[in-house]
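Each residue of the sequence shown is one higher than the one before, starting from 1 at the first, in this note's numbering.
Check before you lean on any hint, since a few could be wrong.
Stated by the list, open to error - Pairwise CB distance ranges (calculated): (1) Gln31 x Leu59: 36 to 42 Å; (2) Ala83 x Thr18: 33 to 39 Å; (3) Ala47 x Val85: 49 to 55 Å; (4) Val85 x Arg56: 32 to 38 Å; (5) Ala83 x Tyr134: 28 to 34 Å.
Rather than coming from a laboratory, the hints here were simulated on the basis of the structure. Glycine included, every Cβ here is placed at the ideal spot set by N, Cα and C.
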Amino acid sequence: MTNTSNDWTTDARSEIETERLGRALASQLRQGEAALGHDITARLRAARMQALEAHRKALATQPADQAIASSPSRSVWWKRLLAAVPIAAAGAGAIFMQGAVSDDGAAEIVDVDVKLLSGDVPPQAFADPAFLEYLKNRAQAPAAKAPAAATQQP
Numbered sequence: 001m002t003n004t005s006n007d008w009t010t011d012a013r014s015e016i017e018t019e020r021l022g023r024a025l026a027s028q029l030r031q032g033e034a035a036l037g038h039d040i041t042a043r044l045r046a047a048r049m050q051a052l053e054a055h056r057k058a059l060a061t062q063p064a065d066q067a068i069a070s071s072p073s074r075s076v077w078w079k080r081l082l083a084a085v086p087i088a089a090a091g092a093g094a095i096f097m098q099g100a101v102s103d104d105g106a107a108e109i110v111d112v113d114v115k116l117l118s119g120d121v122p123p124q125a126f127a128d129p130a131f132l133e134y135l136k137n138r139a140q141a142p143a144a145k146a147p148a149a150a151t152q153q154p
């Protein structure tokens, strides 16, 4: 991953704010140091120097690229997995939607349109719900008579 200018400015701001905080704390400590005795001040200065030296040694022994190299390799697999989740959800949704969509209403409308365009019936008749019911019953009646006719033949 490359460092963008935005990352750099954020890092620079963070360093500047850290520096300001450190200077403010040091100023407060110096003001409080004036009220302390000489022996206490000397012990605090010695402890501060020991802490700074221990910090420098810790920085020197730590490899510079350790945190940068290990971070991306650990987090790549779960980012890829999370990127695949919306794709899988969209695919599953498309499959379930295909089964949920019904063509029953469209088939009835097509039948009415065909009869309207091919018949001698005025278009106002198709607006009447009773006439639509008559057409449905008439379409179902030949289908019901066909099995009955097949059973009557010897």
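Hints and how they fare:
| no. | hint | result |
| --- | --- | --- |
| 1 | Gln31 x Leu59: 36 to 42 Å | violated (29 Å) |
| 2 | Ala83 x Thr18: 33 to 39 Å | holds (34 Å) |
| 3 | Ala47 x Val85: 49 to 55 Å | holds (52 Å) |
| 4 | Val85 x Arg56: 32 to 38 Å | violated (46 Å) |
| 5 | Ala83 x Tyr134: 28 to 34 Å | violated (57 Å) |
Comparing the model with each numbered hint stated earlier shows that hints 1, 4, 5 do not hold.
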